Each structure stands twice: as C-alpha cells, then as structure tokens.
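> Chain by chain, the residues:
Number of protein chains: 2
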Amino acid sequence: MKERNRIIVIGGVACGPKAAARARRCDPQAKITVIEQGEFISYAGCGLTYYIDGVIEVRNALLSRTPQDFKKTMDIDVLTGTQVTSINRVAHQVETMDLKTGKRAVMDYDKLVLATGAKPVIPPIEGRDLQGIFTLKTIQDAEAILSFITSNKAQKAAIVGAGLIGIEAAESLTSRGLKVTVVEALDWVLPTLLDAEVAAFLTRHLEDKGVNLLLSQMVTRFEGDGDGKVRYVVTKKTRVEADMVLLAIGVRPNVKLAKDAGLAIGVTGAISVNDYLQTSDPDIYAGGDCVENTNLITGSKVYTPMGSTANKHGRVIGTNITGGQDSFPGVLGTAILKAFDCNVGRVGMSEIEARKAGFNVTTALVPAHEHAGYYPNNERILVKLVSDTETHQIIGGQVVGRGEAAKRIDVLATALTFGGKIETLANLDLGYAPPYNSAMDPLHHAANVIRNKCSGLAKALRPAEVKGKINKDEDFIFLDVRERDEWQEWRIEAPQIKLLPHPLLRKQLDKIPKDKEIVTLCLTSVRAYQAQRTLEGAGFRNVKFVDGSLVAWPYETVGNSKEK
Amino acid sequence: MKERNRIIVIGGVACGPKAAARARRCDPQAKITVIEQGEFISYAGCGLTYYIDGVIEVRNALLSRTPQDFKKTMDIDVLTGTQVTSINRVAHQVETMDLKTGKRAVMDYDKLVLATGAKPVIPPIEGRDLQGIFTLKTIQDAEAILSFITSNKAQKAAIVGAGLIGIEAAESLTSRGLKVTVVEALDWVLPTLLDAEVAAFLTRHLEDKGVNLLLSQMVTRFEGDGDGKVRYVVTKKTRVEADMVLLAIGVRPNVKLAKDAGLAIGVTGAISVNDYLQTSDPDIYAGGDCVENTNLITGSKVYTPMGSTANKHGRVIGTNITGGQDSFPGVLGTAILKAFDCNVGRVGMSEIEARKAGFNVTTALVPAHEHAGYYPNNERILVKLVSDTETHQIIGGQVVGRGEAAKRIDVLATALTFGGKIETLANLDLGYAPPYNSAMDPLHHAANVIRNKCSGLAKALRPAEVKGKINKDEDFIFLDVRERDEWQEWRIEAPQIKLLPHPLLRKQLDKIPKDKEIVTLCLTSVRAYQAQRTLEGAGFRNVKFVDGSLVAWPYETVGNSKEK
Chain A
217 MKERNRIIVI GGVACGPKAA ARARRCDPQA KITVIEQGEF ISYAGCGLTY
267 YIDGVIEVRN ALLSRTPQDF KKTMDIDVLT GTQVTSINRV AHQVETMDLK
317 TGKRAVMDYD KLVLATGAKP VIPPIEGRDL QGIFTLKTIQ DAEAILSFIT
367 SNKAQKAAIV GAGLIGIEAA ESLTSRGLKV TVVEALDWVL PTLLDAEVAA
417 FLTRHLEDKG VNLLLSQMVT RFEGDGDGKV RYVVTKKTRV EADMVLLAIG
467 VRPNVKLAKD AGLAIGVTGA ISVNDYLQTS DPDIYAGGDC VENTNLITGS
517 KVYTPMGSTA NKHGRVIGTN ITGGQDSFPG VLGTAILKAF DCNVGRVGMS
567 EIEARKAGFN VTTALVPAHE HAGYYPNNER ILVKLVSDTE THQIIGGQVV
617 GRGEAAKRID VLATALTFGG KIETLANLDL GYAPPYNSAM DPLHHAANVI
667 RNKCSGLAKA LRPAEVKGKI NKDEDFIFLD VRERDEWQEW RIEAPQIKLL
717 PHPLLRKQLD KIPKDKEIVT LCLTSVRAYQ AQRTLEGAGF RNVKFVDGSL
767 VAWPYETVGN SKEK
Chain B
217 MKERNRIIVI GGVACGPKAA ARARRCDPQA KITVIEQGEF ISYAGCGLTY
267 YIDGVIEVRN ALLSRTPQDF KKTMDIDVLT GTQVTSINRV AHQVETMDLK
317 TGKRAVMDYD KLVLATGAKP VIPPIEGRDL QGIFTLKTIQ DAEAILSFIT
367 SNKAQKAAIV GAGLIGIEAA ESLTSRGLKV TVVEALDWVL PTLLDAEVAA
417 FLTRHLEDKG VNLLLSQMVT RFEGDGDGKV RYVVTKKTRV EADMVLLAIG
467 VRPNVKLAKD AGLAIGVTGA ISVNDYLQTS DPDIYAGGDC VENTNLITGS
517 KVYTPMGSTA NKHGRVIGTN ITGGQDSFPG VLGTAILKAF DCNVGRVGMS
567 EIEARKAGFN VTTALVPAHE HAGYYPNNER ILVKLVSDTE THQIIGGQVV
617 GRGEAAKRID VLATALTFGG KIETLANLDL GYAPPYNSAM DPLHHAANVI
667 RNKCSGLAKA LRPAEVKGKI NKDEDFIFLD VRERDEWQEW RIEAPQIKLL
717 PHPLLRKQLD KIPKDKEIVT LCLTSVRAYQ AQRTLEGAGF RNVKFVDGSL
767 VAWPYETVGN SKEK
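Line by line, the protein sequences are chains A and B. Using the numbering used here, read the first sequence as starting at 217 and increasing by one per residue. Using the numbering used here, read the second sequence as starting at 217 and increasing by one per residue.
Read the hints as simulated data drawn from the structure, not as lab findings. Fair warning: there could be bad hints in the mix.
Residues on chain B that point at chain A, a partial pick, calculated with CB under 8 Å [what the hints assert, rightly or not]:
| hint | residue |
| --- | --- |
| 1 | A230 |
| 2 | C242 |
| 3 | L295 |
| 4 | L553 |
| 5 | D557 |
| 6 | G574 |
Computed from a predicted structure; not experimentally measured. A virtual CB, placed ideally from N, CA and C, is assigned to each residue, including glycine.
Could you put the whole structure together from the sequences, leaning on the hints where they help?
This is the structure in structure tokens:
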C-alpha cells in the first residue's frame with residue numbers, strides 16, 4: 217500500500233475545489249493537487265451577471281478562496297494557469313502544461329477528478345467574430361464586457377438567447393443604462409424551462425421594464441461597422457441596432473480531455489458517470505458542469521449544469537476518492553432567477569415536457585397572494601402545478617411573479633424528491649403567519665384545484681383553449697363574474713363576453729340560455745369556479761372556468777390593473 | 217331519502233366557513249347554515265396583533281366575508297349573535313338562542329359540524345379582574361386593547377407568556393410606543409417551540425429592540441391603583457409597573473357543547489376525531505381549534521391550534537358531510553413568527569421534545585447566510601436540525617435570524633412529512649441563484665454536519681457543554697481559530713481561550729500540547745471543524761469544535777459585531 221493517496225483534481229471553479237476540500241477533511245494525509253487553467257479558483261460563476269449589473273461592486277467579492285488559502289489552511293496545492301493536456305490512464309499520470317512558460321510536466325495520481333466545466337456555445341453565425349460580441353462564463357468575460365461598454369460608450373445591447381443567462385443579463389445591461397433587445401429562436405422566454413402561459417407573465421414584466429423581445433426569430437447574421445465592430449443583429453424579420461452582443465444560447469460540457477482518454481461520454485454529450493460519480497475508469501471521477509445527471513422523475517439522463525449541483529458533486533467525489541462511499545441521486549431541473557422585480561422558478565417537468573414524455577397530466581394555474589391578503593407589501597404570484605392524472609404524483613411546478621417564488625419552488629422540489637402526491641401537498645403543515653403566508657399556501661390551493669379537477673368537481677379550460685374559441689368565433693357564453701368596477705378597470709374584449717357579477721348570478725339564472733356552452737371568468741378563478749358549481753347546481757350542463765382567469769390570461773386585454 | 221342534506225355548522229371564524237363553502241361546492245342542493253355567537257365571521261384571527269400594531273390599518277381588512285356574501289354567492293345562511301345551547305344527537309337537532317333577544321329555537325340537521333374554536337386561558341392569579349388586563353383572541357379584544365391604550369395614555373405594558381401571541385404582541389405594543397415587559401414562567405422565550413440556544417438568539421434580538429424579558433418568573437399577583445385599574449405585575453422576584461397587561465399563556469379548546477352532548481374528548485382535552493374529522497358520533501364532525509390532531513412524527517395526539525390547520529380541516533369536513541371521503545393526516549407542529557426584524561420558525565420536534573420522547577438524536581447548529589454571501593442585503597440565519605441517530609430520519613428543525621427562515625421551515629416540513637432522511641436532505645435539488653440562496657443551502661450544510669457527526673468525522677460540543685467546562689474551570693485548550701481582527705472585534709472571554717488563526721495552525725502545531733482536550737471555535741464552525749480535522753490529522757486525539765461557534769454562542773461575549 218502507498219503511504220499517501222495522491223489526488224489530482226482538474227478544474228478549480230466549483231466542483232473541483234469542493235472535492236479537494238472534502239477530500240482533505242476525510243483524509244488528512246492525502247496529497248491533493250488542484251489544476252486550473254484559468255487565473256482564478258473558487259469563483260462564483262453564478263454571480264457574474266450581478267457583477268456586470270453593479271449590484272456586486274468588487275470583483276473580489278466573487279472570489280471565495282485563493283490558492284494561498286488552500287495551501288495554508290488545507291495543505292492543498294493549487295496550480296493556476298496550468299492546463300492538463302492528456303491523461304495516461306494506464307500509467308495513472310496526467311501531463312500538464314504551464315500556460316505562461318509552455319513548460320510541460322507529468323504528475324502521478326491514484327485518484328483523478330475531472331471538473332472541467334462547460335463553455336458557452338458559439339453559434340456558427342456569419343459575423344460572429346466581430347468585436348463587441350461576447351459570451352459570459354468567466355470573470356474575464358465579465359470584465360471584457362464592462363470594459364467594452366465603458367470604452368465604446370455602448371448604448372444598445374442585443375442578447376441572443378432568452379435562457380437563464382440571457383434574461384439575467386437583460387436586467388444587468390438595462391441596469392447599466394443600455395437599451396436591451398433579446399432575440400430568441402423559440403416562441404417564448406425561458407423556452408426550455410417554462411410553459412407558454414407562465415412565460416407570458418415574465419414577458420409582460422420584461423417589456424414593462426423596457427426590454428425589447430424578439431421571439432420566434434433566429435439570428436441570421438451580425439453586421440459590423442467599417443472598423444470590425446458589431447453594429448447590427450439581423451434576423452429574417454428585422455435588423456436591430458446593437459453596440460454590443462451577448463451570445464447566451466447555452467453551454468456545452470468540456471469533454472475533450474475525457475474523450476481523448478477514452479472515457480465514456482453519455483447520450484447528452486457530457487461525461488457519463490455512475491451514482492458514485494465515477495467515470496468508466498474506476499479511478500477517475502467527474503462532476504460539475506462536465507457530467508450528465510439522472511432526472512429523478514424520469515430516470516433518464518439530462519444535461520443540467522448548475523453551480524448548486526456542482527457543489528454537491530464535489531462533496532460526493534471528495535468522500536469517494538478517500539475511501540468513503542457516497543452517491544448522488546440526481547436532479548429535478550430546478551431553476552430560479554430574478555428578472556428585475558419578478559421572481560421566476562421551475563422544478564421537475566413543464567407540462568410540455570411531461571406530455572412529450574408520455575405523461576397524462578392534470579394541471580392547475582393559480583394566481584395567489586404571496587402572504588396574507590391583509591398584510592402589507594403583498595405581491596401576487598402565479599403558480600402552475602403539473603401532476604400525473606393517473607397516479608396523482610406531482611411532476612412539476614412553475615412560479616412567476618413579484619411575490620415570493622423561491623419558497624414554493626423549494627417545497628415542490630422537496631415533495632418531488634419523495635415522489636409526493638397532490639393529496640399530500642394539499643395538507644402539508646407549512647409555516648403560517650400573516651407576513652409569510654396565507655392560512656392556505658398557494659401550493660395548497662393549486663393542489664386542491666387539481667384534486668377538484670380529478671374528482672370532476674372543477675372543469676376548466678386553459679387560456680389558450682378559450683382564446684382559440686374566440687378566434688374561431690365559436691358560439692359560447694363567456695361570463696365574467698367580477699364586479700362592475702373591476703370590469704371597468706380591466707377586462708378581456710371578445711364578442712362572447714358578458715358581465716354578470718357573482719352575487720347577482722343566482723338571481724339571474726333565467727337570463728342565461730341552458731343549451732349553450734358557458735365559460736366563466738373572474739380575476740383569479742376562485743369566483744369563476746364557484747360560479748361553475750352554482751350553474752351546474754342549477755342544471756346547466758356545459759360549464760367551465762378559465763384556469764387562472766384574468767391574472768393568468770396571457771393575451772391582450774383592455775384597460776389596466778395593478779394585477780396585470 | 218331526504219330531498220336536501222341539512223348541514224349545520226357551529227362556529228364562523230375559520231374552519232366553519234371553510235367547511236360550509238366546500239360543502240356548497242360539493243353539493244349545490246344542500247341546506248347549509250352557519251351559526252356564530254359573535255358579531256363577525258371569517259375573520260383573520262392571526263392578524264390581530266398586526267391590527268394592534270397599526271400595520272393593518274382598517275379593521276375591515278381582517279374580515280374576509282360577510283354573512284350577506286355567503287348568502288348571495290353561495291346560498292349559505294349565516295346566523296350571527298346566535299349561540300347553540302345544546303345538541304340533541306338522538307333527534308338530530310340543535311337548540312339555539314339569539315343572544316340579543318334571548319329567543320330560543322330548534323333546528324334539524326343531518327350533518328353537524330363543530331368548529332367552536334378556543335378561548336384564552338385566564339390563570340387564577342389574584343387581581344386578574346382589574347381593568348386593563350386583556351386577552352387577545354377576537355376583533356373585539358383587539359379593539360378593547362387599542363381603545364384602552366388611547367383613553368388611558370398607556371405607556372407601559374406587561375405581557376404574561378412568551379409564546380407566539382406574547383412575542384407578536386411584544387412587537388405590536390412596542391410599535392405603538394409602549395415600553396413592554398414580557399414575563400415567562402419557563403426558562404426561555406417560545407419555551408414549548410424552541411430549544412434554549414435558538415431561543416437565546418431571539419432573546420438577544422428582543423432585548424436589542426427594547427423589550428424587557430423576565431424569564432423563569434411566575435406572576436404571583438396583579439396590583440391595582442385605587443380606581444380598580446391594573447398598576448403592577450408582581451412575581452416572586454420583582455414588581456413591574458404596567459398600565460396594561462396582556463395574558464398570553466395559551467388557549468383552551470371550547471368543548472363544553474361537545475362534552476354536554478356526550479361526545480368523546482381526547483387526552484389533550486380537545487374533541488377527539490378520527491382521520492375523517494368525525495367525532496364519536498358519525499353524524500357530527502369537528503375541526504379547527506376545538507379538536508386535537510395527530511402528530512405525524514410520533515403518531516400521538518397533540519393540541520396545536522393553528523389557522524392553517526383549521527382551514528384544511530374545513531375542506532376535509534366539507535367534503536365528508538356531502539358524501540365524499542377525505543381525510544386529514546395530521547400536523548408537524550409547524551410554527552413561524554416575525555418578531556421585529558427577526559424571523560423565527562420551527563417544525564417537528566425540538567431536541568428537548570425528541571429526547572423526552574425517547575429518540576436518540578444527533579443535531580446540527582449551523583449559522584449561515586440566507587443567500588449568496590456576495591449578493592447584497594444578506595442576513596444570517598441560525599439553523600438547528602434534529603435527526604434520529606439510528607435511522608437518520610429528520611425529526612425537527614428550527615430557524616432564527618434576520619434572514620429568510622420561512623422557506624427553510626417549509627422545506628423541512630415537506631421533508632418531515634415524507635419521513636425524509638438526512639442524506640436526502642443533503643442532496644435536495646433546491647432552487648439556486650444568488651438572490652435566493654447559496655450554491656449549498658443552509659439546510660444542505662446542516663444535513664452534512666449531521667452526516668459528518670454520524671460518520672465520526674465531525675466531533676462537536678454544544679455551547680452549553682463548553683460553557684459548563686468553563687464554569688467548572690476545567691483544564692482544556694479553547695482554540696479560537698479566527699483572524700486577529702475578528703478576535704479584537706468580538707470574542708468569548710475565558711481563562712482557557714487562546715487565539716491561533718487557522719492559516720497559522722499547521723505551522724504552530726508543536727505549540728499545542730498533545731495530551732490536552734482541545735475545543736476549537738471560529739465564527740460559524742466552518743473553520744473550527746476544519747481545524748478539528750487538521751489537528752486530528754496531526755495526531756491530536758481529543759479535539760472537538762463548538763457547534764455553531766460564536767454566532768450560536770448564547771452567553772456573554774466581549775466586544776460587539778454585526779453578527780451578534
């Protein structure tokens with residue numbers, strides 16, 4: 217047996233340093249080396265948009281530890297500016313190159329950790345090499361953007377891609393005083409994360425904040441000025457002026473080193489690892505943005521790079537490379553972001569994803585107050601809940617709005633992890649006090665809506681279905697059961713719509729034709745559902761309410777409201 | 217078969233109206249009557265302290281529905297100012313009395329719902345009938361307090377009881393400009409909800425806000441002035457001036473009607489119900505503050521009146537009295553409150569409760585940032601996690617601090633509901649973005665601390681154990697491994713304490729005697745734990761760190777810090 221376990225960790229941002237630190241705590245004797253090709257280690261990649269924003273003022277705030285810290289406090293050697301050029305699995309060696317001097321060296325390992333991360337996808341678009349076109353992944357990227365904005369007095373920015381980084385950057389650059397256009401090839405913002413009606417809520421908010429959104433548009437080329445600087449972003453439909461461009465269409469795992477060493481690459485294109493985060497070579501572990509994960513709902517492999525996952529990977533790896541045994545179960549695709557004053561979160565599968573995966577789903581779309589309605593500073597959120605119609609299992613959730621969203625996402629993430637059902641969600645003993653919640657949490661409401669739908673008590677149409685009926689000029693009664701003053705302030709305009717306030721409904725039942733389809737609407741669905749039940753009780757046979765009612769209605773409306 | 221199901225609901229505050237409304241939606245034909253002895257229905261009892269506070273400005277904000285609303289929109293009859301004087305179970309009748317006219321009547325029911333609530337406990341203390349001594353349960357109570365404060369220009373208030381209402385009222389009355397003293401017979405604030413070291417955090421905050429806390433003191437009598445108004449609150453140790461007194465020592469279920477009707481009363485003194493919320497008479501259901509619940513962890517019966525539970529009960533009852541079948545699984549004793557700028561939450565069992573119930577527990581005490589350390593407006597929280605040492609099951613949690621607590625409590629409530637283990641908690645895919653969280657949530661950290669303790673890697677002493685060693689003048693080395701500037705700003709004073717900054721530790725190992733017990737300390741335990749492992753790696757055999765370190769240290773310290 218060797219005296220000291222020799223551990224080499226390739227990659228010094230999130231998973232790598234975590235694995236090294238954990239390994240040190242588990243094995244005080246191991247010889248541990250972290251090799252990072254960049255200048256910095258342990259930096260907060262997820263904070264870069266806030267650095268651009270100015271919310272985080274000092275670059276050092278993003279740097280949690282220096283190589284010197286690692287050496288002094290944990291006896292871990294850190295080589296920055298050093299690239300691993302190849303892995304010799306048979307000899308258990310890596311070849312390194314000092315990026316400044318070009319000097320090569322060979323190092324022995326007993327256990328090797330790949331935490332090589334990911335790099336931004338650069339689409340093969342004409343003009344992509346023009347000055348002023350950036351990606352955002354490293355501290356250097358952020359500094360290059362800031363410096364370009366300043367030295368070029370940039371006033372207009374285009375962001376390609378309306379994913380997490382694209383939306384966060386839209387806020388950052390707007391805060392810096394730039395006029396921002398976001399170009400997204402798919403039909404709505406956060407297209408791989410949200411369903412259309414939830415995204416519509418965010419879209420309204422972004423537009424209110426002055427962001428110009430170009431959806432369903434592919435960038436065909438970038439045009440420059442005479443000096444080789446970007447000037448325009450061109451799509452098939454339009455040409456947008458831009459002093460700078462941020463490419464934010466996603467990242468790809470850095471797998472070259474692994475591939476060259478003959479390690480298995482998974483279906484997603486990321487490194488394949490087992491539950492112990494072991495690659496196809498038992499002495500080589502991998503974690504963070506370079507590996508694929510198991511989706512806890514479907515069991516299938518997914519590529520969902522996240523700083524939070526990378527840190528958990530690091531701990532598991534640190535344990536396993538020092539003789540312990542720990543495993544990483546998988547992910548739920550949880551994501552959350554702040555977009556100006558709007559909180560947006562999602563977990564599990566969207567309705568679209570779930571239907572694609574073959575689930576028969578029942579959903580709820582519930583506008584709700586973030587806490588007790590009578591307690592001040594109360595903002596709304598819109599909750600979408602997705603469940604399996606047969607098993608009643610919760611399979612996903614989305615929350616959007618100015619109100620508290622992160623808590624609801626985390627509760628759903630926890631319930632999803634345990635394979636929780638709608639019935640259990642409806643009765644969770646969540647913390648209740650007026651500053652934090654209503655007596656019934658929005659998630660309780662959403663779960664109950666699904667229970668009501670499953671039992672046949674509640675019958676709803678999604679906004680898109682109702683809009684379709686209006687567009688097709690169908691003959692139905694669209695019954696808005698709010699009060700007259702609410703109607704005057706804000707309403708949907710459609711030939712079928714008719715105001716009949718809820719308190720008058722019982723008295724005026726004879727005025728409603730019994731043979732027609734009736735669709736009820738209110739502000740949040742509470743009264744519309746009650747009206748559906750009242751009408752059914754009075755013998756009407758074809759009544760449904762609009763899911764989420766006016767608050768969740770993503771189409772054009774007349775008038776205005778703070779609820780909008 | 218009867219034409220219409222006749223439903224009578226006794227009690228119109230939370231569970232009652234909810235049961236009635238749900239019954240209406242399930243059964244459009246039922247004849248539903250709600251009988252309430254007070255003037256108001258559907259009011260927010262949990263908002264009363266905020267009404268006193270002035271945070272909620274208009275009384276009507278607390279009233280969510282009027283009897284007229286119920287009639288118009290749901291065809292539910294509401295009789296206010298009406299008392300049910302007896303239940304004739306054989307005849308399926310209740311006798312009512314109009315409290316204004318004294319007129320009695322008899323009403324038939326098919327299903328009866330008892331939602332009779334609870335009333336404040338009034339301790340048999342001498343002088344309790346003096347003017348200016350209040351309880352707080354109804355809107356009238358709140359108005360009486362406000363009017364007394366104004367008309368008597370009250371400047372000093374004493375609150376008897378440091379439970380949820382007592383602490384919330386301490387904030388409300390302080391906000392109103394009164395100097396508040398809280399007298400609590402037990403040894404710390406929220407004594408039935410929190411463990412001592414978590415409560416100590418809240419105590420410091422309350423004292424910072426000017427609240428005078430008299431702990432471990434029973435009130436022996438109230439003394440009045442010549443006019444029959446309260447003037448002093450007297451304990452065995454002291455006499456406190458008070459222009460008004462709030463008795464907040466808990467509530468008792470209103471069970472007289474049920475008892476008189478021969479219904480089973482449970483071990484807790486509240487009405488006994490089965491999972492369907494059915495009393496010992498199958499046609500009589502009961503819910504809300506008048507019934508006992510099942511504790512989901514122990515399976516035993518508990519009395520934990522909560523508005524949130526009452527609402528859930530209402531839905532279950534509404535379903536069951538109209539031919540459906542729903543059940544209520546039980547509670548976790550979840551509670552949360554805002555006390556000035558401090559958020560305090562708890563769920564499951566405290567360490568004390570768990571030990572009393574025979575659990576062998578492992579705990580973690582983790583100070584953490586509410587979100588990414590580099591993102592602004594970042595406040596700390598202190599998390600206590602309690603787990604079963606054998607099964608690794610989570611059995612309780614407490615969170616206190618200026619930072620976000622409700623989310624962590626709700627995640628724990630969800631995990632507890634599913635019988636979740638520490639290992640699962642450690643890897644939950646919670647939402648991560650810098651404004652909401654760190655890459656590792658405080659709950660992840662707490663779970664990992666417990667895992668490290670269970671695996672023998674981490675060895676800790678709770679603050680009380682270390683304090684005990686200091687008090688007994690034991691010979692050990694108390695090693696503060698923070699930096700010198702941190703030490704100068706804020707530290708523990710003890711003969712055993714010694715500063716040795718973490719980065720110097722490895723170099724100065726020879727200065728530390730190997731035969732002595734070593735207890736390491738830092739700000740939050742991260743460095744202290746690392747130091748424990750470093751020392752063990754260097755051959756030291758008797759090393760422990762202080763759980764939660766300085767942030768969780770509830771005893772006197774020297775200097776000051778924003779972390780305090």
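> Just to be careful: measuring from the Cβ of C242 (chain B) to every Cβ in chain A, is the smallest value less than 8 Å?
This hint holds: C242 (chain B) lies near chain A, its Cβ roughly 7 Å from the closest one there, short of 8 Å.
> Hint validation: L553 (chain B) versus chain A, beta carbon distance must be below 8 Å. Holds or violated?
This hint holds: L553 (chain B) lies near chain A, its Cβ roughly 5 Å from the closest one there, short of 8 Å.
> Given D557 (chain B) as an interface hint, is its Cβ closer than 8 Å to any Cβ of chain A?
This hint is violated: D557 (chain B) lies away from chain A, its Cβ roughly 11 Å from the closest one there, beyond 8 Å.
> So, L295 (chain B) near chain A? Judge it on the closest CB pair being under 8 Å.
violated, 20 Å
> Hint validation: G574 (chain B) versus chain A, beta carbon distance must be below 8 Å. Holds or violated?
violated, 22 Å
> A230 (chain B) was flagged as interface toward chain A. Is the shortest Cβ-Cβ separation under 8 Å?
Status holds, d = 7 Å.
In summary, the numbered hints that this structure violates are 3, 5, 6.
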